[in-house]
Every structure is written in C-alpha cells, then in structure tokens.
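Chemist: The sequence shown begins at 6 in my numbering and counts up by one.
Hints listed in this document are in silico derivations from the structure and should not be mistaken for laboratory results.
Where hints are given, some of them may not hold.
To be verified - In silico DSSO-like pairs for lysine-lysine, Cα to Cα no more than 30 Å straight-line:
(1) Lys62 / Lys73
(2) Lys83 / Lys13
(3) Lys47 / Lys24
(4) Lys182 / Lys215
(5) Lys62 / Lys52
(6) Lys66 / Lys155
(7) Lys244 / Lys155
(8) Lys52 / Lys24
(9) Lys336 / Lys161
(10) Lys215 / Lys268
(11) Lys38 / Lys66
(12) Lys182 / Lys287
(13) Lys161 / Lys73
(14) Lys66 / Lys24
(15) Lys11 / Lys66
(16) Lys38 / Lys24
(17) Lys47 / Lys62
(18) Lys11 / Lys24
(19) Lys73 / Lys52
(20) Lys155 / Lys239
(21) Lys182 / Lys268
(22) Lys239 / Lys268
(23) Lys268 / Lys370
As the list claims (entries may be wrong) - With beta-carbon atoms standing in for the labels, derived distance ranges:
(24) Arg271 / Ala165: 43 to 51 Å
(25) Leu146 / Gln36: 34 to 42 Å
(26) Asn167 / Glu206: 53 to 61 Å
(27) Tyr64 / Ala165: 20 to 28 Å
(28) Leu146 / Leu65: 17 to 25 Å
(29) Glu70 / Glu121: 37 to 45 Å
Don't be surprised by glycine CBs; every beta carbon is placed ideally from N, CA and C.
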Amino acid sequence: MSDIGKLKEAFLNFTEASKSLEAYYGRLQEQVKYLTLEVEEKNRQLKDALSSTEEAKDYLKGILENLKDAIIVLDTDKNVSMMNRASEDLLMQNAEAVIGRPFEGLPFSLERDNDEGVLTVGSRKHSVIVSHSEVLDRQGLLRGHVILFKDITRIKELEAQNERNYRLIAMGEMAAKIVHEIRSPLCSIELYASMLARDLEGTQHMDMAKGISTGISSLNNILTNMLYFAKPQKPVLRKVDICRLLDETVFMLLPMIESRGLKFLREIEPGVSVRGDADLLKQVFLNILLNAIQVSSEGRMIKADCRNGEQSALIEISDEGPGIEPENIEKIFDPFFSTKEKGTGLGLAISAKIVQAHGGTIRVKSSPGHGAAFRLSFPENAGAAQGDIMMKEGIFL
C-alpha cells in the first residue's frame with residue numbers, strides 16, 4: 006500500500022474515533038445533566054428535611070420553654086444538654102452557664118422521699134415532685150435522661166393553711182360555747198353590781214361598786230369581740246339612727262370616762278339614718294371609744310362627732326392619747342395586733358370588718374404624741390356589701 010493510501014486509511018480511522026468520542030461525550034453530558042438534576046433534587050429534599058427537623062425542634066423547644074414544670078435534659082454521661090425557663094427559675098441558674106456541666110454538680114440539694122422531696126437552692130426551699138425518665142432510640146439504646154421537677158410549694162402552703170383553718174374553726178366553735186357559758190353569770194354579776202351601786206350611792210363604797218360594774222362591762226366587751234371573731238355574724242339590716250346609736254354608746258361609757266378624769270365632747274346631729282345592724286354598729290363605736298379611753302390620761306379630751314355628709318353618714322372619734330407610730334398604722338386593723346400589754350388585738354379588727362360588711366369605710370389619722378382620729382363613713386344605702394363578718398388579714402380603707 007502506498008503512503009497516500011495509508012494516510013487516507015489513518016484519516017478515516019481518526020474520523021471514526023472522533024465520531025465515537027463525540028457520541029460518548031454526548032452520552033456523558035446527558036448522564037452528568039441527569040446526575041446534576043438528581044443531586045439538586047436530593048439537596049432540595051435534604052434541605053426540606055432539615056427545615057422540617059429544625060421546625061420540629063423549635064416547636065418542641067417552644068413547648069418545653071412554656072411548660073410550668075422544670076425540665077432538665079441530660080446526655081448519656083449525665084451532663085446537662087438542655088433546660089427550660091422554669092428550671093432556670095427554680096435552680097436560679099442561666100442555661101448557658103449550666104449546659105455541658107455534670108447534673109450532680111449543680112448548686113442545689115434535694116431531700117427526697119419517694120417521688121416527693123424538698124429542693125434547697127441557696128436560702129430558698131421548694132416542695133417538689135421529682136421524676137426521672139431514660140431516653141431510648143428505636144434500637145433501645147440509651148440516648149440520655151430527662152429530669153422533671155414539679156414545684157408544689159404553693160399546694161403544700163394551701164394544704165397547711167386549710168389545716169390551720171380547720172383548727173381555727175374548731176377553736177372558734179369552742180370559744181363561742183365558752184363565751185356563752187361565761188356571759189350568763191357575768192350579766193347577773195353586772196346587774197347586782199349596778200343595784201349595789203344604787204344602794205351605796207352617797208357612801209364611800211359607791212366607787213367600788215361602780216368599779217365592779219365598769220370592770221364587768223369591759224370584760225363583757227372582750228367576750229363580745231371574741232364571739233364576733235369566733236363565730237361569723239351576718240348583719241340584720243334595718244333603718245337606724247346611727248348618731249343616736251353613737252350617743253347611746255357614749256352614755257353607757259360615761260361612768261368609765263368620769264372615773265378616769267377624762268373630758269368628753271360630743272356633737273351629735275339628730276336624724277342621720279342608714280340601713281344597718283344596731284347591735285353591730287354599737288359594738289364598733291364601743292370598741293373605738295374604749296380604745297380611746299384606755300390610751301388617754303387624766304384631763305385629756307375625747308371627742309365624738311356624728312353628722313350627715315354627701316350621701317353618707319360621717320362619724321369621727323378622736324382622742325389626745327400618745328398616737329400611733331407610723332409603722333403600726335397599717336397593722337392596727339390586723340387580728341391580734343395590739344400595742345397594749347393586755348390588749349387582745351380584736352377590737353379594731355372586728356370593727357373594721359363590721360364597717361366593711363355595712364359597705365362603709367374606716368380610716369385612721371394619727372402621729373406620735375398627737376392622738377388619733379378614727380373616721381367612719383356609711384353610705385345612705387349602707388349594707389350593700391352585706392355578708393358574714395369573717396376575719397381576714399388586711400387593712401380596711
């Protein structure tokens with residue numbers, strides 16, 4: 006074969022090889038295009054899956070963050086991997102400072118009795134229910150732990166308060182029975198003392214008889230306050246002349262006022278009517294007036310004023326006693342609070358509740374060394390807040 010023939014044959018072979026390579030390259034491009042599309046689809050699916058996983062994670066995290074129970078998640082080594090807001094508040098720890106630390110190293114102590122215990126964090130103690138769960142995967146392999154603390158401190162406090170209330174009710178019923186038993190012979194003693202005072206009038210022993218009667222009246226007032234405190238009273242409302250009730254109470258106390266050498270000034274406006282319980286209202290005036298008498302020294306003045314206000318009856322009882330310390334102003338209407346050595350701390354507390362049950366208000370204005378003034382106001386439709394007179398802690402203004 007000549008050289009030209011060989012060259013021609015070589016050129017033909019090259020052309021054939023080029024066509025084969027071109028065809029192969031075309032198929033390769035198609036395959037690359039297909040693979041590219043497939044990779045893009047897989048990437049999209051993966052992105053969607055990751056997005057769904059992130060959304061699910063955020064959703065679950067949102068649930069955990071808004072749960073009121075404290076939840077702490079631990080890894081297999083019992084290091085903290087997650088904790089919600091409630092657990093941060095309970096343990097007084099920031100999650101960022103705790104994550105990665107051993108659970109046993111957290112600054113708290115737990116005294117546990119079965120599922121319940123007392124969690125101590127610093128100076129704070131919490132009654133809690135504790136539960137522990139293991140986190141397992143589909144193959145049953147341990148992936149972590151979940152610790153849950155349910156704070157039941159408030160429930161325990163309510164249970165204790167409920168128990169105290171039951172005891173107070175029982176004590177109240179017993180006290181009411183005792184008061185009833187004592188008052189009967191007490192009334193007889195007071196009657197005999199009054200009769201004796203009349204028989205001894207003009208003699209040197211008359212003051213002694215009056216002293217017995219005054220002492221019995223004070224004791225009877227203490228018993229009445231105890232009865233009001235121990236047994237709920239419901240006001241029996243009817244139209245009453247409230248200024249006349251005040252005047253009657255003052256008249257009853259005049260012997261005590263005179264025996265202590267006190268001055269008394271009263272300004273009573275007639276015909277001031279409200280709807281109220283006469284006995285309960287007189288008890289209010291009696292408690293406040295007795296308090297004024299007891300804190301006043303000889304020669305001091307006590308004033309009682311009753312008049313019509315704008316759509317209300319206004320009563321003011323004032324004294325020139327030692328006054329009330331500023332820190333005690335908000336406490337004087339609390340049950341059992343008294344600055345007097347032998348005071349029961351019930352008179353003003355009960356008076357405030359009676360006034361409140363009549364829809365009225367009671368305020369006190371005082372400063373040390375300048376006496377005290379109690380101002381009472383009863384609306385024309387007094388009794389709108391009618392209800393049982395039950396003692397509760399608080400200030401009635």
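Chemist: With reference to the structure, classify each hint as holding or not holding.
Modeler: Going through the hints against the structure:
For the given pair, Lys62 sits about 19 Å from Lys73 by alpha-carbon distance, which is consistent with the 30 Å threshold. Pair hint Lys83 plus Lys13 does not hold up; C-alpha atoms about 81 Å apart against a cutoff of 30 Å. Proposed proximity of Lys47 and Lys24 is contradicted: the alpha carbons are some 34 Å apart, above 30 Å. In summary, the hint linking Lys182 to Lys215 is supported, as the alpha carbons are separated by about 29 Å, within the 30 Å threshold.
Taking the CA atoms of Lys62 and Lys52, the gap is near 15 Å; set against the 30 Å cutoff, the hint holds. The hinted pair formed by Lys66 and Lys155 meets the criterion: a straight-line CA distance of about 18 Å does not exceed 30 Å. For the proposed pair Lys244 and Lys155, the alpha carbon gap of about 55 Å is over 30 Å, so the pair is violated. Between Lys52 and Lys24 the CA atoms are separated by roughly 41 Å; this puts the pair beyond 30 Å, and the hint is violated.
Taken as a hint, the Lys336 and Lys161 pair is honoured in the structure, with Cα atoms around 27 Å apart against an allowance of 30 Å. Pair hint Lys215 plus Lys268 holds up; C-alpha atoms about 19 Å apart against a cutoff of 30 Å. Under the criterion of a C-alpha separation no larger than 30 Å, the hint pairing Lys38 with Lys66 is inconsistent with the structure, at around 41 Å. In summary, the hint linking Lys182 to Lys287 is supported, as the alpha carbons are separated by about 23 Å, within the 30 Å threshold.
Pair hint Lys161 plus Lys73 holds up; C-alpha atoms about 17 Å apart against a cutoff of 30 Å. A threshold of 30 Å between alpha carbons decides the hint, and for Lys66 with Lys24 the separation of about 62 Å lies outside it, so the pair is violated. With a C-alpha separation of about 79 Å, the suggested pairing of Lys11 with Lys66 is violated against the 30 Å cut-off. Between Lys38 and Lys24 the alpha-carbon distance is near 21 Å, which keeps this suggested pair within the 30 Å criterion.
Proximity of Lys47 to Lys62 is assessed by CA-CA distance (about 22 Å); at most 30 Å being required, the pair is judged to hold. For the hint pairing Lys11 with Lys24, the CA-to-CA distance comes to about 20 Å; that is within 30 Å, so the pair holds. At most 30 Å may separate the alpha-carbon atoms for a hinted pair to count; Lys73 and Lys52 exceed this at roughly 34 Å. A C-alpha spacing of about 42 Å is found between Lys155 and Lys239, which places the hinted pair above 30 Å, so the restraint is violated.
Under the criterion of a C-alpha separation no larger than 30 Å, the hint pairing Lys182 with Lys268 is inconsistent with the structure, at around 38 Å. For the proposed pair Lys239 and Lys268, the alpha carbon gap of about 35 Å is over 30 Å, so the pair is violated. For a cut-off of 30 Å, the pair hint linking Lys268 to Lys370 stands: about 21 Å separates their Cα positions. Between Arg271 and Ala165 the C-beta distance comes to about 48 Å, which sits within the given range of 43 to 51 Å.
For Leu146 and Gln36, the Cβ-Cβ distance of about 41 Å falls inside the hinted range of 34 to 42 Å, so the restraint holds. Taking 53 to 61 Å as the suggested C-beta distance range, the pair Asn167 and Glu206 conforms, at roughly 56 Å. At about 39 Å, the CB distance of Tyr64 to Ala165 disagrees with the hint of 20 to 28 Å. Checked against the given bound of 17 to 25 Å, the beta carbons of Leu146 and Leu65, roughly 21 Å apart, stay inside it.
Hint check: Glu70 to Glu121, Cβ distance near 25 Å, so the stated range 37 to 45 Å is violated.
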